[in-house]
Amino acid sequence: MTQTPVIKIALTHLVAKKRQTIVAMLGVTFGIAIFIFQAGLMSGFQAYFIEETVNSTANIRIFNEAEKNRKGIISKLNDDKNHWNVVQNQKPKDEQNKIKNGYQIISILERDPRVAGVSPFLGSQAIFKVGISQIAGRVSGVDIIKENILFDVSKNMKQGDITRLETIPNGIILGDGLADLLGAKMGDNIMVTSPLGVNLDMKIVGINHSGLTEVDKSRAYINIRNAQKLLQVDGSYITDINIKLKDFALSEELAKYYHAKFGFRAIDWKEANASVFSVFKIQNLVTYLIIISILIVSGFGIFNILMMIIYEKMPDIAILKAIGYKDSDIKKIFLTESLIIGILGGLLGLVIGFIMQKIVGNIRMDIKGFVSMEYLHFNSSPGFYVFAFVFGLIATSIAGYIPARKAGKVDAIDIIRSK
Amino acid sequence: MEKIKIIETKNLNKSFHDPVEFQALKNINIEIGQGEFVAIVGSSGSGKSTLLYVLSTLDTDYTGHIYFDGDDLSLKTKNQLAEIRNEKIGFVFQFHYLLPEFTVLENVCLPAMKLARFSDAEIKEHAYQKLDLLGLRDQALKKANKLSGGQQQRVAIARALINQPKIIFGDEPTGNLDSKNSQNVFDIFKELKDNFNQSIVVVTHDMHFAERTDRIITLSDGEVV
Ligand SMILES: Nc1ncnc2c1ncn2[C@@H]1O[C@H](COP(=O)(O)OP(=O)(O)O)[C@@H](O)[C@H]1O
Ligand SMILES: [Mg+2]
Numbered sequence: 001m002t003q004t005p006v007i008k009i010a011l012t013h014l015v016a017k018k019r020q021t022i023v024a025m026l027g028v029t030f031g032i033a034i035f036i037f038q039a040g041l042m043s044g045f046q047a048y049f050i051e052e053t054v055n056s057t058a059n060i061r062i063f064n065e066a067e068k069n070r071k072g073i074i075s076k077l078n079d080d081k082n083h084w085n086v087v088q089n090q091k092p093k094d095e096q097n098k099i100k101n102g103y104q105i106i107s108i109l110e111r112d113p114r115v116a117g118v119s120p121f122l123g124s125q126a127i128f129k130v131g132i133s134q135i136a137g138r139v140s141g142v143d144i145i146k147e148n149i150l151f152d153v154s155k156n157m158k159q160g161d162i163t164r165l166e167t168i169p170n171g172i173i174l175g176d177g178l179a180d181l182l183g184a185k186m187g188d189n190i191m192v193t194s195p196l197g198v199n200l201d202m203k204i205v206g207i208n209h210s211g212l213t214e215v216d217k218s219r220a221y222i223n224i225r226n227a228q229k230l231l232q233v234d235g236s237y238i239t240d241i242n243i244k245l246k247d248f249a250l251s252e253e254l255a256k257y258y259h260a261k262f263g264f265r266a267i268d269w270k271e272a273n274a275s276v277f278s279v280f281k282i283q284n285l286v287t288y289l290i291i292i293s294i295l296i297v298s299g300f301g302i303f304n305i306l307m308m309i310i311y312e313k314m315p316d317i318a319i320l321k322a323i324g325y326k327d328s329d330i331k332k333i334f335l336t337e338s339l340i341i342g343i344l345g346g347l348l349g350l351v352i353g354f355i356m357q358k359i360v361g362n363i364r365m366d367i368k369g370f371v372s373m374e375y376l377h378f379n380s381s382p383g384f385y386v387f388a389f390v391f392g393l394i395a396t397s398i399a400g401y402i403p404a405r406k407a408g409k410v411d412a413i414d415i416i417r418s419k
Numbered sequence: 001m002e003k004i005k006i007i008e009t010k011n012l013n014k015s016f017h018d019p020v021e022f023q024a025l026k027n028i029n030i031e032i033g034q035g036e037f038v039a040i041v042g043s044s045g046s047g048k049s050t051l052l053y054v055l056s057t058l059d060t061d062y063t064g065h066i067y068f069d070g071d072d073l074s075l076k077t078k079n080q081l082a083e084i085r086n087e088k089i090g091f092v093f094q095f096h097y098l099l100p101e102f103t104v105l106e107n108v109c110l111p112a113m114k115l116a117r118f119s120d121a122e123i124k125e126h127a128y129q130k131l132d133l134l135g136l137r138d139q140a141l142k143k144a145n146k147l148s149g150g151q152q153q154r155v156a157i158a159r160a161l162i163n164q165p166k167i168i169f170g171d172e173p174t175g176n177l178d179s180k181n182s183q184n185v186f187d188i189f190k191e192l193k194d195n196f197n198q199s200i201v202v203v204t205h206d207m208h209f210a211e212r213t214d215r216i217i218t219l220s221d222g223e224v225v
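Chains as they are written, first to last, in this note's numbering: chain S, 1 to 419; chain D, 1 to 225.
What the hints contain is simulated information worked out from the structure, not anything from laboratory work.
Here are a few chain S residues that sit away from chain D, every Cβ distance over 10 Å (derived from the structure): (1) M42; (2) S56; (3) R138; (4) G183; (5) G211; (6) V233; (7) I367.
For lysine to aspartate or glutamate, the following EDC-like pairs were computed, each having C-alpha atoms within a straight-line distance of at most 16 Å: (8) D:K78 x S:D329; (9) D:K78 x S:D327; (10) D:K78 x S:D411; (11) S:K18 x D:E101; (12) D:K76 x D:D61; (13) S:K244 x S:E51; (14) S:K358 x S:E374; (15) S:K8 x D:D120; (16) D:K10 x D:D72; (17) S:K409 x S:D327; (18) S:K409 x D:D59; (19) S:K8 x D:E101; (20) S:K155 x S:D176; (21) D:K166 x D:D71; (22) S:K244 x S:D143; (23) D:K78 x D:D61; (24) S:K17 x D:E101.
Where is the CB? At the ideal position from N, CA and C, for every residue including glycine.
Start from the sequences and build out the full structure, keeping to the hints where you can.
Next up, the structure:
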C-alpha cells in the first residue's frame with residue numbers, strides 16, 4: 001500500500017531550514033557526545049574500581065564481630081527496670097576476635113562443592129622500620145598459597161615471588177607504596193613491631209602492587225605464623241576466613257547460610273563495599289543531571305525550529321487538511337522532523353563521543369588516587385551506546401511532541417480565510 | 001427520474017461569536033444535484049465563503065443539517081470528515097496552495113497517496129491523465145513554485161480531480177487570475193461538467209462567469225435570495 005508522503009514532507013521542511021536544522025541537530029550531537037564521554041568515563045571508572053575492589057575483596061568474609069554496648073555484669077545479675085545500676089569507667093572486655101575452631105571451619109568449607117578457595121587471615125596494625133624511617137601500617141597474616149587462589153596475589157607482584165613467604169621463615173611482601181615510603185628495596189631487612197610491643201626482624205622477599213592506592217601504601221603480607229607471634233597468640237588463632245565461590249553471584253545467599261551454620265558474622269562483597277557503592281550512586285546522579293540538562297537545552301532547540309517551521313508552513317498544513325490529511329497525519333510529519341533531527345544528531349553524537357573516548361583513553365594519565373591507573377577506562381560497550389541513543393531519542397520526541405500536537409490542531413479555515 | 005442529490009441543507013444556520021455575535025448564514029435550504037455546475041454569488045461579506053466552508057466539511061460549527069452524498073455530516077467525527085474530503089471532495093481556492101518545494105506531479109499525487117487505494121505507479125498514471133486534461137503534462141517534473149499563476153491554478157484543479165471526487169468546491173478560483181486565465185479555468189470546469197458529469201460549486205463575484213453556469217445561488221446578508 002502507498003505510504004502517505006510524511007517523511008518526504010518532513011525532509012522538505014528541514015532542508016528548507018537547513019541552518020536552523022543543523023544547529024538543532026548539533027545540540028543533540030553535543031548532548032549525546034557528552035553523554036558518551038562523561039557517563040562512559042564514570043561508568044568505566046566505576047566498573048574498573050569495582051573490578052579492582054571485588055578482586056581484592058573476598059566473595060564472603062567470615063569474622064567474629066566484637067560485641068558492642070555490652071551489658072555490665074551487674075546489669076546481668078540485677079536486671080530490674082526499676083533500679084539504676086551505675087558503673088563508672090566501664091571498659092570493653094578484652095574481647096577475643098578469634099574464630100573458634102577456625103581451621104575446622106576451613107576444612108568444612110573446603111569440602112563444600114560451591115567453594116573455590118578458602119583462606120585464613122590474621123591481621124594486625126604494625127610499625128615498619130627500615131634504618132631510621134618508620135611507617136605505621138598493617139600486616140596481613142596469610143597462608144599465601146591459599147590467599148593467591150582468592151586474590152591472585154602473584155599477578156600483582158612487581159618483584160619477588162609469593163612462594164618465598166613460605167620458604168623463607170621471616171619473609172615479608174610490602175605494598176609498593178609502603179616500600180617507597182620506607183625507601184626499602186628487595187632483600188632489605190625490616191623490623192616489624194606489633195601493638196603489643198613484639199618485634200620481628202624480617203626480610204623483604206617481594207613488592208606488590210594491588211592498584212588500590214591506600215592499600216599499597218600501608219599493607220604487608222606475612223606468614224600467618226609470624227602474625228600469631230606478633231600478637232602472642234596460639235597457632236589456631238585466626239580472625240577472618242575469606243571465601244571465594246565458584247559462582248560469585250551466590251555470595252549473598254551463601255553468606256547468610258554460613259552465618260546460620262557457623263554462628264559468626266558472614267558478609268558478602270557487596271555489603272563489605274556498601275560505602276563505595278553509595279558514593280557511586282551520588283556520582284551517577286550528578287552525571288545524569290548534567291546530561292539531562294544538556295538534553296533539555298537541545299530539546300529547546302528542536303522545539304524552536306519546529307515552531308518556526310509550523311508558523312511558516314501554515315498554508316501547507318491547511319491545504320493538507322483540506323485534501324483529507326488527518327490531524328494525526330500532520331502530527332506525524334512534525335514528529336518525524338524531530339526524530340530525524342534526533343537520529344542524525346544522535347548518531348553524530350555517538351561517533352564524536354566514541355572518538356573523544358578513544359583520544360582521551362589513549363593519553364597516559366598515571367593517576368594515583370582512589371585507585372591507580374595508567375589510562376582512563378571508558379565504558380564503550382555497545383549496550384551503553386544504544387542506551388545513550390535511545391535516551392536522546394526520547395528527549396527529542398518529547399521536545400517534538402508539543403509543536404507536533406499544535407500543528408495537528410491548526411484550523412485549516414482560519415488559514416484559508418485569512419489570505 | 002429523480003435527480004441524485006450530492007448536497008442538501010436543512011435550516012442551516014451559522015453564527016460567529018467573536019468579536020461580536022454575528023449570524024453569517026440564516027436558514028439556508030439548498031440542494032446541489034449530481035452533475036450540476038452551480039455558482040454562488042453575492043456582494044462581499046454576504047457569506048459566500050462561509051457557506052462554502054460549511055458545505056465542504058471544513059467548518060463544523062453550525063446548526064441544522066447538511067446531507068452529503070446521503071450522510072448527515074453533523075453525525076461524523078473529525079477523522080470521518082477528513083476521509084470524506086479526501087475521497088469525495090476536491091478543492092480549488094483563490095490561492096492555489098500548492099506545496100512549493102514539491103514538483104507539480106507530487107502535488108497532484110498528494111490526495112491519492114493519502115487515499116492509498118492504488119499503487120504508486122497507478123497514482124502516477126492517474127496524475128498524468130489529469131495533467132494531460134489540463135495541458136500540463138510537460139510541466140509535471142517542475143517545482144510547483146516555478147509555474148505561472150494560471151498554471152498553478154490548473155495544477156490545483158488537477159489535484160482536486162485526482163481522486164475522482166463527487167464534487168469540486170471553488171472559492172473564487174479565478175479571483176487572482178487575469179481574464180484570459182479566468183476564461184481558461186471556466187472552460188475547464190465547463191468541460192468537466194459536460195464530459196464527466198462532474199458536480200461543481202463555485203463561489204465567485206464575476207457575474208460574467210456565473211451567468212454561464214447551470215444555476216446561480218445568490219446570497220445577501222447570509223440569506224439565499
Ligand atoms: N472568523 C470570523 N469571525 C467573525 N466573523 C467572520 C469570520 N469570518 C467571516 N466573518 C464574517 O462573516 C461574514 C461573511 O464572510 P464571508 O463568508 O467571508 O463573506 P464573502 O465570502 O461572501 O465575502 C462577513 O461579514 C465577515 O466579516
Ligand atoms: Mg469570500
